[in-house]
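**Student:** Chains as they are written, first to last, in this note's numbering: chain X, 10 to 414; chain B, 603 to 953.
Please note that a few of the clues may not be correct.
Not the full set, but computed from the structure, chain B residues with beta-carbon under 10 Å of chain X [as the list claims (entries may be wrong)]:
hint	residue
1	757
2	759
3	829
4	849
5	924
6	926
Computed footprint of chain B on chain X; a stretch qualifies when at least three of its residues, placed anywhere within it, have a C-beta under 8 Å from a C-beta of chain B [said to hold, decoys possible]:
hint	segment
7	176-190
8	241-252
Each pair of labels, with its calculated beta carbon distance range [to be verified]:
hint	chain 1	residue 1	chain 2	residue 2	range
9	X	239	B	664	49 to 55 Å
10	X	228	B	781	43 to 49 Å
11	B	679	X	363	51 to 57 Å
Quick caveat, the hints were computed from the structure, so don't treat them as lab data. Even for Gly, the Cβ is constructed at its ideal location relative to N, Cα and C.
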Amino acid sequence: MTSILSPTTTAALNPANPTELRQAAYIAQQAADVRVNVELETDSGMTINLGPQHPATHGTLRIIARLDGEQVISCEPSMGYMHRGYEKLTEVRTYPQITTLVNRIDWLSSFANEVPFILAAEQLMGIEAPPRAQWLRTLLFEMARIANVALFLGDMGVQLGAVTPVFYAFRDREHVLNQIESATGGRFHPNYDRIGGLKEDLPKGWIAETRTVIEKVVNFCNQMDDLLVGNEIFGARCRGVGVIPAERALDYGLSGANARASGIDWDLRRDSESPLVWNKLDWKVWTHPDGDSFARYWVRLQEVRESCKMITQLLDGLPAGPIMAKVPRIIKVPAGEAWVSTENPLGEMGYYVVSQGGLGPFRVKIRSASFNNISIVPWVTKGVFVPDIITILASLYFILGDIDR
Amino acid sequence: MSTILHPIMGFVLAYWQQQVIKLAAILVAIPVGGLLLGYVFLMKMMAHMQSRLGPMEPGGFHGWFQNIGDAVKFIQKEDIIPAQADKWVFSLAPYVVVMSTFLLYLVIPVGPDLVVSNLSVGVFYALAVGSIGVLGVLMAGWSSANKYSLMGSLRAAGQLIAYELPLVLAVIGVVIQSGTMSMQGIVTAQQKFHIFGLNLGGMPFIVTQFPLFIIFMIAAQAELTQPPFDMPVAESELVTGYMTEYSGFRFLSFFLGEMGSAFALSAIAATLFLGGWYLPMPQSWINNNFADYIGPVILLTKVMFMAFLIFWIRFTYPRFREDQLQAIAWKYLIPISLLWIMVTAILKVAF
């Protein structure tokens, strides 16, 4: 809803006073919102608000859908209800303080948000973390991926009406979170990554415990395979719904599992040079040719399994040694620019850090995956039914914090 | 009922006593039946199946206090009526839904003499009053002045009308086989029924009407708007559809209506296909009223089994889309049930 000023109100206003104009615009917008909620238009379709408070958007995403009966004429996401201004906030923080902030971008896989920023800072400073720290970073990165995508695997069921999978997801995700907590001290927001290494080494017995946890996650994946992937109703609801061809996916800048489900064989963990150790592991990038909601679910399910494989290998090959490189006590980053992006659970996440040699960055641009992933919604929901909007939104998988930052 | 009261039948009071007892039985049966299902299946079975921790905690042993706590919570909540709502229709809608549930219980026999009203068109009556609930749902959806509610109630109307047909057709097979529409008569017919000269003291109609039993259960699932047919309430799409604007006791009424109809439809299914209150038993038990005492227990066991099936499916499957749901009713359930009715009719004439 753009600001609609009726002619009567604009005439009475003083055009020289911008504050007054802005207030009037705000009031007019509120009024327009109320009208949208009350009128039941039938001639040119009915407008329905999905959100900002709606169970399907798990956050404050607002979808304005114009409907003809149950069919969607047009559908537009309205973002920004949870904008927290992290890009601006980083300018008034020092480098070590910023990891606390960026933790909160994609809150389900917090550790994965820290890594690209720290890598960018390390790149600017010319520091490299010791091997053990890099292995542990990769390990926790993949655990964060499981913590995030496991919830998607269950949540997709809830969006389609099966309540059981999400409880299984929460049950088994809890084990992963416990492991993250015992290593980092933070269950949700670890703040574990430091420039030049990690905060602490692993506690005693952590590796053996993690192995049992990974077994549980693998069991969970098999359970989801039985409960949802093999289910006819799930197939009927997902197959052929929200098909995104590969070239469309590229046009809209989709990344991560959404792109791979459209048949684009592209994974930053494999395809980019990174100090993290993915290239030393034996794993596979899964793609699916269909590009529909089912493909997106299937690809993510395989990804969790690959993560489990990776974690097992990482635990086997974890090198000994220090976890922190030699870093000055007060961190000053030399002037320069760096762009580092990694394959986060939701897709490509990158930080463009501009430093002018101070204690904090001059400017940080955050590229988060969900913003692009959600931008395809108007295109992909044209002509579908109302329940399909939910299927498509759930399968595109976004985290509100990742859209609005 | 009349047999229990036989010694005082001669008195003028007897009529009123009987009516009061019948009324009390109905008034007790629905909340108790609904709460029983809510407790056993919606709380305990769900907690076990979905590894939910909450419903197992309150009150100590196995979370027995959860349902009572929920009921108290609902009753003490504020009764909110939206400003734009059509107040009268909005307040009446839940009671229309509950009323249709109450009426269902009238014709279900729980023993040879224990039936509130032994109508000669019992099954027909049950299906007729069962569909009054749709009115309540439409009233709720329209009067809420909420788009989600409106869509939910329209979906509900479409769905309940579409599935009324398979439900009726599934019953017709049983009616043809037993030759009566009275619920008590159908139970009696199953006492006498035997196939291939194999007389085991009666046999339930599920043996010959298995396809119609499946269709009846699917249609019942849809009538109850349970997953996988819960588009009218669809929490993740329509924010519980026609119930969105309700709170407090009115919401509880919807809930009670849902659980009560689940109980009633399970009881009807048990009566039609599983022999109701009857198990193979000596004829003397029926003659000397002993069956009146064990009949309710037998029926309750069967009802719980039926309800278990309904809730098991509810906790397992995702929901269909609206068009897929209509396709299932019109393309599969109705033709199959028509075919089976023909087969039943032919066999009825042949044997």
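**Student:** Now look at each hint and say whether the structure bears it out.
**Tutor:** Hint check:
With a least beta-carbon distance of about 8 Å to chain X, the hint placing residue 757(B) at the interface is held under the 10 Å criterion. The beta carbon of residue 759(B) comes no nearer than 13 Å to any beta carbon in chain X, farther than 10 Å, and the hint placing it at the interface is violated. The criterion of a C-beta within 10 Å of any C-beta in chain X is met by residue 829(B), whose closest approach is roughly 5 Å, and the hint holds. Because the smallest distance between the Cβ of residue 849(B) and any Cβ of chain X comes to about 16 Å, over 10 Å, the interface hint for this residue is violated.
Of the supplied interface hints, the one on residue 924(B) holds, with its beta-carbon coming within about 6 Å of a beta-carbon of chain X, less than 10 Å. Given the 10 Å rule on beta carbons, the hint for residue 926(B) holds: about 6 Å separates it from the nearest Cβ of chain X. Restraint check on the segment 176-190 of chain X versus chain B: 3 residues with Cβ-Cβ distances below 8 Å, three needed, restraint holds. By the rule of at least three residues with a Cβ nearer than 8 Å to a Cβ of chain B, the coverage given for the segment 241-252 of chain X holds, with 4 such residues.
Taking the beta carbon of each, residue 239(X) and residue 664(B) are about 32 Å apart, not inside 49 to 55 Å as hinted. For residue 228(X) paired with residue 781(B), a C-beta distance near 54 Å fails the hint of 43 to 49 Å. One distance hint, 51 to 57 Å for the beta-carbon pair residue 679(B) and residue 363(X), holds here, with the actual separation near 54 Å.
Hints 2, 4, 9, 10 from the list above are not met by this structure, while the remaining hints are.
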